[in-house]
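Asker: This is what each chain is made of:
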Amino acid sequence: MANRIVIDPVTRIEGHLRIEAALDSENTITEAYSAGTMVRGIENILKKRDPREAWAFAQRICGVCTTVHAIASIRAVEDALGIKIPKAANIMRNMIIAQQFIHDHVMHFYILHALDFVDVVSALEADPGKTSEIQQSISTWPNSSPAYFAEVQQKVKAIVDSGQLSLFSHGYWGHPAYKLPPELNLLGVAHYLECLDWQSRVTKIHTIFGGKNPHPNFVVGGVPLPIDMNSDQALNAEKLAVIADSIKRMNDFIDQVYLPDLLAIAPYYLEYASLGEGLGNFLSWGEFPEGNLNDLDRLIFPRGVILNRDLKQVITPDPRDAVKMKEFVTHSWYKYRQGDEAGLFPWEGETVFNYTGPKPPYEFLKVEGKYSWLKSPRWNELPMEVGPLARVLILYTTGHEETVKLTNSVLEALKAPLPAVFSTLGRTAARAIETKVIGGLLEKFYDELVAEIKASRTETFNSEKWNPGSWPKKAMGFGYTEAPRGALGHWVVIENKKIKNYQVVVPTTWNASPRDHKNQPGAYEASLVGTRLARPEQPLEILRTIHSFDPCLACAVHLIDARGQVVGEVGTGFNLVFKSD
Amino acid sequence: MKRKVVLGLGNILNGDEGAGVYALKELEKLLPEKLKMKIELVDGGVLGLDLLPYVEGASHLLILDAADTGAAPGTVVEYQDEEINLFYHQRLSWHQLGFQEVLAVAKIRHSYPDSVYLIGVQPENISPGVGLSQKLKKPVKHMARRALDIIRDWKLLS
Numbered sequence: 001m002a003n004r005i006v007i008d009p010v011t012r013i014e015g016h017l018r019i020e021a022a023l024d025s026e027n028t029i030t031e032a033y034s035a036g037t038m039v040r041g042i043e044n045i046l047k048k049r050d051p052r053e054a055w056a057f058a059q060r061i062c063g064v065c066t067t068v069h070a071i072a073s074i075r076a077v078e079d080a081l082g083i084k085i086p087k088a089a090n091i092m093r094n095m096i097i098a099q100q101f102i103h104d105h106v107m108h109f110y111i112l113h114a115l116d117f118v119d120v121v122s123a124l125e126a127d128p129g130k131t132s133e134i135q136q137s138i139s140t141w142p143n144s145s146p147a148y149f150a151e152v153q154q155k156v157k158a159i160v161d162s163g164q165l166s167l168f169s170h171g172y173w174g175h176p177a178y179k180l181p182p183e184l185n186l187l188g189v190a191h192y193l194e195c196l197d198w199q200s201r202v203t204k205i206h207t208i209f210g211g212k213n214p215h216p217n218f219v220v221g222g223v224p225l226p227i228d229m230n231s232d233q234a235l236n237a238e239k240l241a242v243i244a245d246s247i248k249r250m251n252d253f254i255d256q257v258y259l260p261d262l263l264a265i266a267p268y269y270l271e272y273a274s275l276g277e278g279l280g281n282f283l284s285w286g287e288f289p290e291g292n293l294n295d296l297d298r299l300i301f302p303r304g305v306i307l308n309r310d311l312k313q314v315i316t317p318d319p320r321d322a323v324k325m326k327e328f329v330t331h332s333w334y335k336y337r338q339g340d341e342a343g344l345f346p347w348e349g350e351t352v353f354n355y356t357g358p359k360p361p362y363e364f365l366k367v368e369g370k371y372s373w374l375k376s377p378r379w380n381e382l383p384m385e386v387g388p389l390a391r392v393l394i395l396y397t398t399g400h401e402e403t404v405k406l407t408n409s410v411l412e413a414l415k416a417p418l419p420a421v422f423s424t425l426g427r428t429a430a431r432a433i434e435t436k437v438i439g440g441l442l443e444k445f446y447d448e449l450v451a452e453i454k455a456s457r458t459e460t461f462n463s464e465k466w467n468p469g470s471w472p473k474k475a476m477g478f479g480y481t482e483a484p485r486g487a488l489g490h491w492v493v494i495e496n497k498k499i500k501n502y503q504v505v506v507p508t509t510w511n512a513s514p515r516d517h518k519n520q521p522g523a524y525e526a527s528l529v530g531t532r533l534a535r536p537e538q539p540l541e542i543l544r545t546i547h548s549f550d551p552c553l554a555c556a557v558h559l560i561d562a563r564g565q566v567v568g569e570v571g572t573g574f575n576l577v578f579k580s581d
Numbered sequence: 001m002k003r004k005v006v007l008g009l010g011n012i013l014n015g016d017e018g019a020g021v022y023a024l025k026e027l028e029k030l031l032p033e034k035l036k037m038k039i040e041l042v043d044g045g046v047l048g049l050d051l052l053p054y055v056e057g058a059s060h061l062l063i064l065d066a067a068d069t070g071a072a073p074g075t076v077v078e079y080q081d082e083e084i085n086l087f088y089h090q091r092l093s094w095h096q097l098g099f100q101e102v103l104a105v106a107k108i109r110h111s112y113p114d115s116v117y118l119i120g121v122q123p124e125n126i127s128p129g130v131g132l133s134q135k136l137k138k139p140v141k142h143m144a145r146r147a148l149d150i151i152r153d154w155k156l157l158s
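Top to bottom, those sequences are chains A and B. To convert, note that position 383 of the first sequence is 383 in the numbering used here; the numbers rise steadily by one, no gaps. To convert, note that position 151 of the second sequence is 151 in the numbering used here; the numbers rise steadily by one, no gaps.
Below 30 Å or equal to it, Euclidean Cα-Cα: the simulated DSS-like pairs (lysine-lysine) are:
{"no.": "1", "chain 1": "B", "residue 1": "K137", "chain 2": "A", "residue 2": "K48"}
{"no.": "2", "chain 1": "A", "residue 1": "K84", "chain 2": "A", "residue 2": "K473"}
{"no.": "3", "chain 1": "B", "residue 1": "K107", "chain 2": "A", "residue 2": "K248"}
{"no.": "4", "chain 1": "B", "residue 1": "K107", "chain 2": "A", "residue 2": "K212"}
{"no.": "5", "chain 1": "A", "residue 1": "K465", "chain 2": "A", "residue 2": "K498"}
{"no.": "6", "chain 1": "A", "residue 1": "K48", "chain 2": "B", "residue 2": "K135"}
{"no.": "7", "chain 1": "B", "residue 1": "K38", "chain 2": "A", "residue 2": "K239"}
{"no.": "8", "chain 1": "B", "residue 1": "K4", "chain 2": "A", "residue 2": "K155"}
Just so you know, these hints were derived from the structure itself, not from any lab.
My request is simple: use the sequences and hints to build the entire structure.
Answerer: This is the structure:
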């Protein structure tokens, strides 16, 4: 193919995503292919293990999103064995999930995504006095003096002068698609640096509820931390105060930095309110149960599917529906016993590697055949987008008051019509809207936990079915969570006290999936078509849209071998090669 | 007081790739109680930027990691201070993508530890699976003993 560009990898964290895009003579993308270039073997690792320990392995599926896999895993086992967790434990889990969302969304925005829109080097030309004026006009955030921004500018200058740009070395600085005035670039860089301080202060919930961080502890049946106001080893008044402080820091940053920044930057990039849509189909498994796991009426974030942009109707998908929920491998490096045109329901899922790709080094993947280590999950044989936009649209359509209000006010501020939500910018704005909603929920959960403690309902662990002797001979479970980047499902089959089968469908597998048995593209692939590149050798526009999904390939696929030749790269400076075993 | 941190890196789901985490566990067994109370053992997995607070809060940092130096499997290598930057810069570790940034950010923010030491081991098998390959078992124990030597050199008990 004549005009094809390759980006490999697109993520800046562990994990490998490769995008191949075909361009027409105007440098507009006509076809795009998304490939996960590392294999994941978790399913095979978990077989024959004690289901109560599965979370500890699942937690390591992804280097970055450890919590979400642990939660989905314990919920899957609880679902299979019919274990109900105490109310206080449920509130604590909701708080763990809420913290994960807020931390992750803010970090994604500043550390990864903002740099697609903020030109770090241009910040050197800013007038710190004007940046200060902008800051003071958009929020009450205290770090706003001209002297403060002059100091940040000096820091950036020192970094650039030292040649140690490694932190910012992936950027296409000076690219014509950067549109912000230098003063806003300086503002963005300042907040990039600030959120590094912020992050260490807002992980207290995980540290306290999980006993440690990173890699907090979890337990099937509840949370591993007792509540006892008279014990240093338990959740007590002192620890609650630390958590309250942590929640306040999160919400201050969301209200005074994140949301105002988004609204300040977005007007310069309104073309992205009509670019990057993708599928128009959305799925969420739902999150924040206030009752039992499967009580769908008591999920604060509803379980739902939206089809063809239709914001009048939300369908409730059933993850146990073996006809509708399937994974396909027609274009993936796996084989099914029934043949590669078949789709398999996760409880019956198979993970048998079948690498048929070219021997490296190679230029392009053979996209007519198999070309990715990701499977293609489909709901009712349709590709779905998962993530913040899916969740916000489902909340919006089902009339969640705060979401409706926030969405309308963002649209109004940007003078954009409702269909503008189906876009790269829509995805990025939805992430911020959702963060604000979850910040409010976290305060609510905290108050509920305190109320439980006051009422002496302090049980955090249900040991009733801890003993495998109490389990049925065979049990099957579904564990869901909404990870920050989208719907996550773990399907487990337990037989004779051990794991018989385990399948994980992660958000990035939905979004980054290759074409399926009907040749329907996945969300990334669809979202890039129609975008024009100013400089094909520096495909910033592709990064913007892909990053708006918050890709995390670390969990979607995993490492085989990373030594040797360049497969193909554009400005990312990373080498990758396959070993076909 | 600034913290003394031992950081085990790697993904235990990819065989020897998790060598740093296993070495950390071996070290935990060797450490005398008195010394254990003075330091923090952090199982860093492959967390990337989330590890920044552990690096920045430390005056002394000891990293245990899988290291692709092209040597025979099981070969243990040690690097110190400036060599470490180079180590991650040349991408000898599989965790460079996240960890190189962590070190760079700490440096930029002037909160780089006073002393940084790295003990690495050449893996044999890093395909999906749990547990170390036979050739790595002894070297990982050796890493832990070397780690104990380094920690003793920090003279925390005097």
